[in-house]
Amino acid sequence: MKIAVCVKQVPDSETRINLAAPAAKLDQTGFTRVLNPYDAYAVEEAVRIKEARGGEITAITVGPETVKETLKKDCLAVGCDKAIIINDPALAGADEAAIAEVLAAALKQGGYDLILFGIKAIDDDSGQIGILVAEKLGLPHVATITKLELGEGTLTAHREIEGGKEIVDCPLPAVLTCQKGLNEPRLPSLPNIMKAGMKPMQVVTCADLGLTPPASLVEIRQYSPPPARGTCRLVTGDDAAAAARELARVLNEEAKVI
Amino acid sequence: MANIAVFIEQRDGAFKKVAWQMISQARKLADASGGEVWGVLLGGDPAAAAALAGKHGAHRLFAAGDQLERYDSERYGTALAAFCRTQKPDLVLIGATALGRDLGPTAAAKLGCACISDAIALKFEGGAWEVRRPIYAGKCFVDVVPKTAPAIVGIRPNAFVAQDGGGAAAAVTAFDAGQAQVTPRAIVREIVGSDGGRVELTEADIVVSGGRGIKGPENYVLIEELAAALNAAAGASRAVVDAGWVDYSHQVGQTGKTVGPNLYIACGISGAIQHLAGMSSSKCIVAINKDPAAPIFKVADFGVVGDLFEVLPALTKAVKEIRG
Numbered sequence: 008m009k010i011a012v013c014v015k016q017v018p019d020s021e022t023r024i025n026l027a028a029p030a031a032k033l034d035q036t037g038f039t040r041v042l043n044p045y046d047a048y049a050v051e052e053a054v055r056i057k058e059a060r061g062g063e064i065t066a067i068t069v070g071p072e073t074v075k076e077t078l079k080k081d082c083l084a085v086g087c088d089k090a091i092i093i094n095d096p097a098l099a100g101a102d103e104a105a106i107a108e109v110l111a112a113a114l115k116q117g118g119y120d121l122i123l124f125g126i127k128a129i130d131d132d133s134g135q136i137g138i139l140v141a142e143k144l145g146l147p148h149v150a151t152i153t154k155l156e157l158g159e160g161t162l163t164a165h166r167e168i169e170g171g172k173e174i175v176d177c178p179l180p181a182v183l184t185c186q187k188g189l190n191e192p193r194l195p196s197l198p199n200i201m202k203a204g205m206k207p208m209q210v211v212t213c214a215d216l217g218l219t220p221p222a223s224l225v226e227i228r229q230y231s232p233p234p235a236r237g238t239c240r241l242v243t244g245d246d247a248a249a250a251a252r253e254l255a256r257v258l259n260e261e262a263k264v265i
Numbered sequence: 002m003a004n005i006a007v008f009i010e011q012r013d014g015a016f017k018k019v020a021w022q023m024i025s026q027a028r029k030l031a032d033a034s035g036g037e038v039w040g041v042l043l044g045g046d047p048a049a050a051a052a053l054a055g056k057h058g059a060h061r062l063f064a065a066g067d068q069l070e071r072y073d074s075e076r077y078g079t080a081l082a083a084f085c086r087t088q089k090p091d092l093v094l095i096g097a098t099a100l101g102r103d104l105g106p107t108a109a110a111k112l113g114c115a116c117i118s119d120a121i122a123l124k125f126e127g128g129a130w131e132v133r134r135p136i137y138a139g140k141c142f143v144d145v146v147p148k149t150a151p152a153i154v155g156i157r158p159n160a161f162v163a164q165d166g167g168g169a170a171a172a173v174t175a176f177d178a179g180q181a182q183v184t185p186r187a188i189v190r191e192i193v194g195s196d197g198g199r200v201e202l203t204e205a206d207i208v209v210s211g212g213r214g215i216k217g218p219e220n221y222v223l224i225e226e227l228a229a230a231l232n233a234a235a236g237a238s239r240a241v242v243d244a245g246w247v248d249y250s251h252q253v254g255q256t257g258k259t260v261g262p263n264l265y266i267a268c269g270i271s272g273a274i275q276h277l278a279g280m281s282s283s284k285c286i287v288a289i290n291k292d293p294a295a296p297i298f299k300v301a302d303f304g305v306v307g308d309l310f311e312v313l314p315a316l317t318k319a320v321k322e323i324r325g
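Residue numbers (this note's numbering), protein chains in the order written: chain A, 8 to 265; chain P, 2 to 325.
Just so you know, the hints here were simulated from the structure itself, not pulled from any lab data.
Take the hints with a grain of salt, since some may be wrong.
Below 27 Å or equal to it, Euclidean Cα-Cα: the simulated BS3-like pairs (lysine-lysine) are [to be verified]:
| id | chain 1 | residue 1 | chain 2 | residue 2 |
| --- | --- | --- | --- | --- |
| 1 | A | K263 | P | K89 |
| 2 | A | K143 | P | K89 |
| 3 | A | K9 | A | K75 |
| 4 | P | K56 | P | K124 |
Bear in mind that the values here come from a model prediction, so they are computed numbers and not experimental data.
Put together the whole structure using the sequences plus the hints.
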């Protein structure tokens with residue numbers, strides 16, 4: 008089985024964004040970059056499928072040279088077989104539609120049976136890429152999956168919805184986006200990180216994929232800091248129960264939220 | 002003239018209230034820009050939708066029902082794309098629900114149009130739509146301008162207030178949703194409810210969440226009791242979910258659900274950035290925590306420094322008295 012896992016390197020969630028006023032650009036120097044946490048579920052699921060049924064896993068990403076470390080440690084060292092990096096300066100600032108176009112072009116060349124994504128990246132939080140890619144490839148997709156069973160040429164996935172789940176049957180090839188709950192991603196061991204350095208990592212440009220760098224369909228006007236919240240008003244009482252009663256009164260009579 | 006189409010989500014005939022929030026906001030924008038507001042209904046009861054859509058400010062309702070009773074991305078994506086091709090709205094608003102997050106990009110790819118996820122504000126300025134959305138776990142907002150018409154914009158539930166303008170029922174027009182051309186491949190075999198009757202986190206007006214401070218799974222009942230008294234949804238921090246005390250479907254935060262209720266009560270939650278990512282757009286935040294230095298107090302509007310095992314039962318009792 009040929010599996011592709013599309014991943015993204017993102018600033019870790021502790022990253023501080025220093026913005027005092029609206030700005031046209033975001034200063035990203037000094038960000039610590041890691042594998043997008045949702046993509047780790049996709050990588051883990053691919054590795055489990057390979058362990059159970061055999062096959063080959065290709066990790067694919069769009070990004071600069073710096074993604075190599077993340078690919079090596081968090082994809083190749085935990086079981087992916089090779090990596091493709093699409094690195095093209097024309098893609099700096101590209102939107103979801105453009106990135107999806109480029110990924111679709113790379114995926115088309117691989118003939119994959121299964122294409123896995125994380126549900127969203129924790130930096131831009133948009134959650135579109137997997138679905139856009141599926142549409143561009145003309146493949147069915149199941150998004151936000153929390154359980155996967157593979158049959159012969161088919162799959163059954165559980166998809167999270169409000170208050171429950173959908174159980175979806177789908178033929179292969181297909182695109183899936185992976186949600187927390189699907190599995191517990193493993194950590195790479197040091198020897199495997201060392202060995203991962205030997206696995207093939209191919210760097211390509213849009214031209215290599217036979218593609219003119221696609222145009223973005225949205226334009227970023229500005230970044231701004233979130234509005235400052237007021238100071239916290241501490242509600243007190245003679246004891247905890249009195250404080251609780253006072254809180255209920257304040258929420259009811261002053262804030263009018265209950 | 003800028004016409005705004007609002008997707009009215011229904012499941013088993015019940016409408017998601019984010020539709021009325023979006024229609025109310027769309028009406029304000031349309032009045033300012035000289036356009037109309039259209040509801041788009043797939044499946045469900047057009048008469049019921051038209052009455053509610055009209056009441057909240059929609060001028061017209063476009064409805065298609067053929068094979069659209071239950072969501073699947075292929076049929077719904079085709080239907081929404083068909084609607085956009087024939088009616089040519091400038092903007093399409095879809096609630097950022099489980100369904101909406103799937104439908105938006107599906108239809109956008111079919112149309113080759115821009116799709117912007119999980120917006121919290123929207124304006125028409127300088128001849129263009131400007132969409133505001135939080136990124137980097139809410140640590141930053143970005144204003145984005147779509148370069149296509151239509152543009153599809155996902156709207157976070159509770160970002161806008163539903164306003165009952167008392168309008169007459171919207172005029173209903175049936176449209177051809179192109180279903181004759183669709184043979185869906187991904188088929189929903191079954192829908193399983195995990196927790197019948199529970200108030201849904203992402204659309205709740207009030208959310209009560211518990212963190213590590215609840216000390217064990219047996220104490221989550223304190224969160225559930227307060228939630229029940231407030232007709233609220235019960236949430237949890239990642240620590241509680243990772244410890245296996247409650248199911249991950251309750252998790253609020255970066256790797257869980259994003260919520261924006263009128264009132265968020267964080268109990269025994271320290272306020273890690275990953276948690277704030279999921280709840281910092283809540284209108285009023287209450288923190289109950291033993292540790293006065295907990296970061297949650299930095300984002301809270303009201304706080305009680307105290308032991309949640311004493312505060313929560315008393316608060317539940319007081320709420321029951323207030324709400325009768």
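>> Run the distance test for A:K143 versus P:K89: straight-line Cα separation, threshold 27 Å.
In response: holds (22 Å)
>> Just to be careful, I want the Cα atoms of P:K56 and P:K124 compared with a cutoff of 27 Å; is the pair within it?
In response: holds (22 Å)
>> Tell me if the straight-line CA distance from A:K263 to P:K89 falls inside 27 Å.
In response: violated (42 Å)
>> Checking one constraint from the list: CA of A:K9 to CA of A:K75, max 27 Å. Satisfied?
In response: Given that 27 Å is the threshold and the Cα spacing comes to 22 Å, the pair holds.
The structure fails hint 1 only (numbered hints given earlier).
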